[in-house]
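Undergrad: The lines below spell out each chain.
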Amino acid sequence: MRIGVFICHCGVNIGGVVNVPEVTEYAKTLPYVVHAEHNLYTCSEAGLAAINEAIKKHDLNRIVVAACTPRTHEPLFRLACKGAGLNPYIFEMANIREHCSWVHSYDPKGATEKAKDIIRMAVFRAALLEPQVEPEVEVKGSSLVIGAGVAGMTAALTLANQGFKVYLIEKEAELGGMTRKLFKIYPTLADSTEVVNTLIEVVRLHPNIEILTSTTLKEVSGYVGNFNVILTVPEGERKISVGTIIVASGSSIYIPPKGLYQYGIYNRVITQVELDKMLRDDTIGRPERVIMIQCVGARKGEIRHYDLAALPKSPTAELLRRILKARKEEGWPYCSRICCMNSIKNAILIKERSPKTDVVILFGDLRVYKEYEDFYRKARDLEVRFIRYIEEVPAEIMKVNEEKLNVMVYDALAGCEVTLTADWVVLSTPLIPTKDMVMLARMLKIPIGTDGFLMEAHLKMRPVDASVDGIFLAGTVTGPKDVPESIISGKAAAARAATLMMRKKVSAEAITAVVDRDLCIGCGLCEEICPYGAHRIEEGKSQVIEILCRGCGSCAAECPRRAISMRHYGDHQVMAQLKALLRPALTGAS
Amino acid sequence: MVEKSFEPLIAAFCCNWCAYAGADLAGTSRFEYPTNVRIIRVMCTGRVDSTFMLLALRLGADGVLVSGCHPGDCHYLRGNYMMERRLGYVKRIIELLGMEPERLRLEWISAGEGEKFSALIRDLVGTIKKIGPNPLKNGGIEAEYLMRKMDASIEALKSQRLRWVLGISQVGIKIDEARYKAVVDSIMHDEIERYMMILAMKEKGPLTVKEMSQITKLTPTQVMRHIIALRASGMIKEVGEREHQYTYAATV
Ligand code: SF4
Ligand code: SF4
Ligand code: FES
Numbered sequence: 001m002r003i004g005v006f007i008c009h010c011g012v013n014i015g016g017v018v019n020v021p022e023v024t025e026y027a028k029t030l031p032y033v034v035h036a037e038h039n040l041y042t043c044s045e046a047g048l049a050a051i052n053e054a055i056k057k058h059d060l061n062r063i064v065v066a067a068c069t070p071r072t073h074e075p076l077f078r079l080a081c082k083g084a085g086l087n088p089y090i091f092e093m094a095n096i097r098e099h100c101s102w103v104h105s106y107d108p109k110g111a112t113e114k115a116k117d118i119i120r121m122a123v124f125r126a127a128l129l130e131p132q133v134e135p136e137v138e139v140k141g142s143s144l145v146i147g148a149g150v151a152g153m154t155a156a157l158t159l160a161n162q163g164f165k166v167y168l169i170e171k172e173a174e175l176g177g178m179t180r181k182l183f184k185i186y187p188t189l190a191d192s193t194e195v196v197n198t199l200i201e202v203v204r205l206h207p208n209i210e211i212l213t214s215t216t217l218k219e220v221s222g223y224v225g226n227f228n229v230i231l232t233v234p235e236g237e238r239k240i241s242v243g244t245i246i247v248a249s250g251s252s253i254y255i256p257p258k259g260l261y262q263y264g265i266y267n268r269v270i271t272q273v274e275l276d277k278m279l280r281d282d283t284i285g286r287p288e289r290v291i292m293i294q295c296v297g298a299r300k301g302e303i304r305h306y307d308l309a310a311l312p313k314s315p316t317a318e319l320l321r322r323i324l325k326a327r328k329e330e331g332w333p334y335c336s337r338i339c340c341m342n343s344i345k346n347a348i349l350i351k352e353r354s355p356k357t358d359v360v361i362l363f364g365d366l367r368v369y370k371e372y373e374d375f376y377r378k379a380r381d382l383e384v385r386f387i388r389y390i391e392e393v394p395a396e397i398m399k400v401n402e403e404k405l406n407v408m409v410y411d412a413l414a415g416c417e418v419t420l421t422a423d424w425v426v427l428s429t430p431l432i433p434t435k436d437m438v439m440l441a442r443m444l445k446i447p448i449g450t451d452g453f454l455m456e457a458h459l460k461m462r463p464v465d466a467s468v469d470g471i472f473l474a475g476t477v478t479g480p481k482d483v484p485e486s487i488i489s490g491k492a493a494a495a496r497a498a499t500l501m502m503r504k505k506v507s508a509e510a511i512t513a514v515v516d517r518d519l520c521i522g523c524g525l526c527e528e529i530c531p532y533g534a535h536r537i538e539e540g541k542s543q544v545i546e547i548l549c550r551g552c553g554s555c556a557a558e559c560p561r562r563a564i565s566m567r568h569y570g571d572h573q574v575m576a577q578l579k580a581l582l583r584p585a586l587t588g589a590s
Numbered sequence: 001m002v003e004k005s006f007e008p009l010i011a012a013f014c015c016n017w018c019a020y021a022g023a024d025l026a027g028t029s030r031f032e033y034p035t036n037v038r039i040i041r042v043m044c045t046g047r048v049d050s051t052f053m054l055l056a057l058r059l060g061a062d063g064v065l066v067s068g069c070h071p072g073d074c075h076y077l078r079g080n081y082m083m084e085r086r087l088g089y090v091k092r093i094i095e096l097l098g099m100e101p102e103r104l105r106l107e108w109i110s111a112g113e114g115e116k117f118s119a120l121i122r123d124l125v126g127t128i129k130k131i132g133p134n135p136l137k138n139g140g141i142e143a144e145y146l147m148r149k150m151d152a153s154i155e156a157l158k159s160q161r162l163r164w165v166l167g168i169s170q171v172g173i174k175i176d177e178a179r180y181k182a183v184v185d186s187i188m189h190d191e192i193e194r195y196m197m198i199l200a201m202k203e204k205g206p207l208t209v210k211e212m213s214q215i216t217k218l219t220p221t222q223v224m225r226h227i228i229a230l231r232a233s234g235m236i237k238e239v240g241e242r243e244h245q246y247t248y249a250a251t252v
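Protein sequences, first through last, are from chains A and B.
As numbered in the working numbering, residues 1 to 590 make up the first sequence, in order.
As numbered in the working numbering, residues 1 to 252 make up the second sequence, in order.
These are computed hints drawn from the structure, not numbers from a lab.
Fair warning: there could be bad hints in the mix.
[Stated by the list, open to error] Pairs of lysine-lysine residues, derived as PhoX-like cross-links and limited to a Cα-Cα distance of at most 25 Å, are as follows: (1) Lys181(B) x Lys579(A); (2) Lys460(A) x Lys445(A); (3) Lys210(B) x Lys579(A); (4) Lys116(B) x Lys445(A).
Can you build the whole structure from these sequences, using the hints too?
TA: Structure representation (structure tokens):
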């Protein structure tokens, strides 16, 4: 046994907290460790080259990298092992970044000790790791795209153009999704129906795309390469099987509850989508003043405390205390990203038709970036007015008559209250997860983030992959996006799915159950327990069908004869970590 | 003997898909928590054998955390439900051993709950600090006896008889809960006591009923009852005589 330990500084991410040289010296004292070194970035080209070199020079046969989380970096280091002629399963990672330096920055000493423990645990486990052979699975050359908005249609088209069969399902009767409901798309002010309709036409005519409207998901089983899907179609049920799945089922627009800014009480308080419709139907006329309020129902529940008592004494501040109490701050915690541009767009559209209309945008923070900065300037040139309010002092809406509303707002920059009379008050509300998002997530086993949207496998490095192999995410299912961004993510998801389907085969993890036939008495408990039907009793003994086993380990934990062991997660391999951790705490146990 | 303040050592079994990822997110988001926890990654909490949990305490962990996906979210559909049931049995044994059941904790953490993970660790460390170090660390006769009983419990949890009765409850066979619990309890007691005897014989060589009774703190009648059962199943045998009493030795 010859173990090599490579400890990463990760720049200052680890090295700034954990004493890496000290930990390296410690690693050298551990059993079977014949080489330990530290690198600035172990995952860099230089770092990987160092591993390769050390494997050759010191004839290493077990590798431990102490760095970040195996959930993102294990594949890379396994490849490095493979490159040096080692089996990837002799590799073990010690997570001293996410689980250590990043959460213990206040306690460098404690973090250093913890890092030593984590590495010791990894070394003990590594000493018991065995080479494994990965079973291969075939990948079907067909894909299911859920949702026919711009993201879904783009993904479907991209895959179809590469020759893959695509099932494009849409729960509504028509294609087009959210974009179909909009009027113009910023910043070019292109007609959204034009954009969508062109896409719909191409998708409809494509021989590789089968469109199923008024169709929803009923059940999904199987795994990467071989998903078995049951759809609920208008005629009843339909079964299909596909190699990959792209989730592009979009999001909803938040509708304010009745009474929030008098919405639903005064019919001159509307949302941006309603304004879009009025602009499209040209029913807005020539109003004297339109006031838009940003962040309605968005960016709420942030941990931000303003001292109400410190605000200038005013009726608004008084009112506010009451309102906040009554309203309980209903809303979503995040910034919806697109509302600022969308409001500016609609402000410009109003100004272009009716230059005399005074358009006022009440904002907390204005978040316009990149070319949208010019878009904002254009609005200013057209004399759209911007007034900054503070979240804790929301505007008050009061009725003047059937056609006019008074809006009282605390102007944060001027430091005083202003009252403006408006014909229309338009609420900018965020994109939010659809109601069926949770059900969808459960069916597909994709986690949901704190915002309520589907979570990417990695926010930065795998932005269109779901954490489930073979499933990809496009459009606003992962959070608010505008049309170009949705199209980009649709193409990206398609590219990721195509990569899998092109290869025709993927190898599955070698973590599977193995039955010791001498111990097994054929009781059949494992057959009952396995959720995937991977155990079959044949001739009085259990037989594991490797390709069906997903490696959960439940059968191993339940077998009355302890006849089942898990590849790569055997009792001894798991316990080695426990023993390595606790041995100094107490000795003398079995 | 509880020290005023000590730094507990907590072993955590986290499933790869939820709790481990939640701990990762706590890191990415820099939600700080105390350094007392060491995480062991398993693919699913379904993998966490009952012996793993008990062995952690036996080896001196002050607390054990098992954390996985929320009910209904397990990456492998049912692993977390099976673990939950299993953990319930281990908790019963911990109570039976006279240890604080709070030392073993189950908590669902999703991949998106970094903040919850951080809060959980803070809370868990606080709880364990309050109840004090693992009693095995106190030393003395009491700790030695507890150690024996724990070793026996671990052996019992490895035994076919106990595993079988626990196992069948996982597969939804219709049994009356109350009656089932009573059966499990009595088998659990039996097995732990029998393994205490067996381990004593293994350690000290052939023993008489009286000697076994002294070591295990069971009454001679109880010891006798187990000897009959153990002899019948061939796990021990009569090997000689001492002070007009038969001596027995373990054959397993
Ligand atoms: S549970 Fe264990 S003993 Fe029973 S059939 Fe399965 S492998 Fe064999
Ligand atoms: S490890 Fe899980 S998936 Fe594999 S055979 Fe056992 S229960 Fe089934
Ligand atoms: S995968 Fe998390 S508990 Fe099963």
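Undergrad: Could you tell me which of the numbered hints above are not met by this structure, giving the numbers in increasing order?
TA: Numbers 1, 3, in rising order.
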